[in-house]
Amino acid sequence: AQKVTQAQTEISVVEKEDVTLDCVYETRDTTYYLFWYKQPPSGELVFLIRRNSFDEQNEISGRYSWNFQKSTSSFNFTITASQVVDSAVYFCALRAVQGGGNKLTFGTGTQLKVEL
Amino acid sequence: GAGVSQSPSNKVTEKGKDVELRCDPISGHTALYWYRQSLGQGLEFLIYFQGNSAPDKSGLPSDRFSAERTGGSVSTLTIQRTQQEDSAVYLCASSLAGLAGGNQETQYFGPGTRLLVL
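Top to bottom, those sequences are chains A and B. At position 69 of the first sequence (counting the first as 1) the number is 71 in this note's numbering, and the numbers step up by one without a gap. At position 109 of the second sequence (counting the first as 1) the number is 118 in this note's numbering, and the numbers step up by one without a gap.
Just so you know, these hints were derived from the structure itself, not from any lab. Built from N, CA and C at the ideal position, the CB exists for glycine as well. Fair warning: there could be bad hints in the mix.
Said to hold, decoys possible - Short derived list, chain B residues pointing at chain A, Cβ under 8 Å:
1) Leu52
2) Gly68
3) Phe118
Could you put together the complete structure from these sequences and hints?
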């Protein structure tokens with residue numbers, strides 16, 4: 003079975019602070035994909051990034067960066083110089099190719115609040 | 010181009026009534042998914058369609074739930090004899106392909122239908 007754990011239920015930061023959202027996953031599959039989605043107050047899930055299990059390169063996109071470490075089964079997400087518009091719920095998700103079919107297994111989400 | 014669209018945005022119904030939720034995937038996407046988001050259960054997979062293949066119904070919570078996809082495009086999720094525990098946001102997603110791997114299987118979500126069963 004697949005499992006995604008986002009231990010941080012809610013994080014509050016002041017604008018311009020850096021913030022890291024944690025994600026730990028469990029799967030027996032050797033091939034899998036990891037995702038981050040953002041859910042703003044409007045409710046729509048917005049795709050942010052996809053990572054393959056065989057590609058551990060970290061990635062930076064503007065103020066966003068992702069740290070994928072297979073050794074610790076973690077796929078953490080950092081926002082640099084946070085802004086109020088970053089306030090949302092962030093979900094980490096896993097798709098295990100062999101054992102999970104085509105569905106995404108989601109974590110419970112981390113509510114990020116960025117205040118002035 | 011247009012994203013995934015869902016209708017209605019909100020639906021209030023009485024316990025025991027049937028409801029139909031509609032999803033229009035991104036044009037050209039062959040794979041379509043339904044998920045449910047509720048306070049108690051988080052985001053749960055319901056059903057997956059890929060082209061003309063038999064759907065993966067492994068996430069449907071009971072036989073009151075069914076879904077169809079006509080012409081490989083629009084999908085309808087039907088809940089019969091609704092119960093209060095069916096109250097949730099129903100999210101539809103589509104991807105360019107299902108099991109192709111790579112960017113083709115990234116799932117893009119619609120805005121959801123908020124269902125309230127009184």
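query: So which of those numbered hints doesn't the model satisfy?
result: When the structure is compared with the hints, none of them turns out to be violated.
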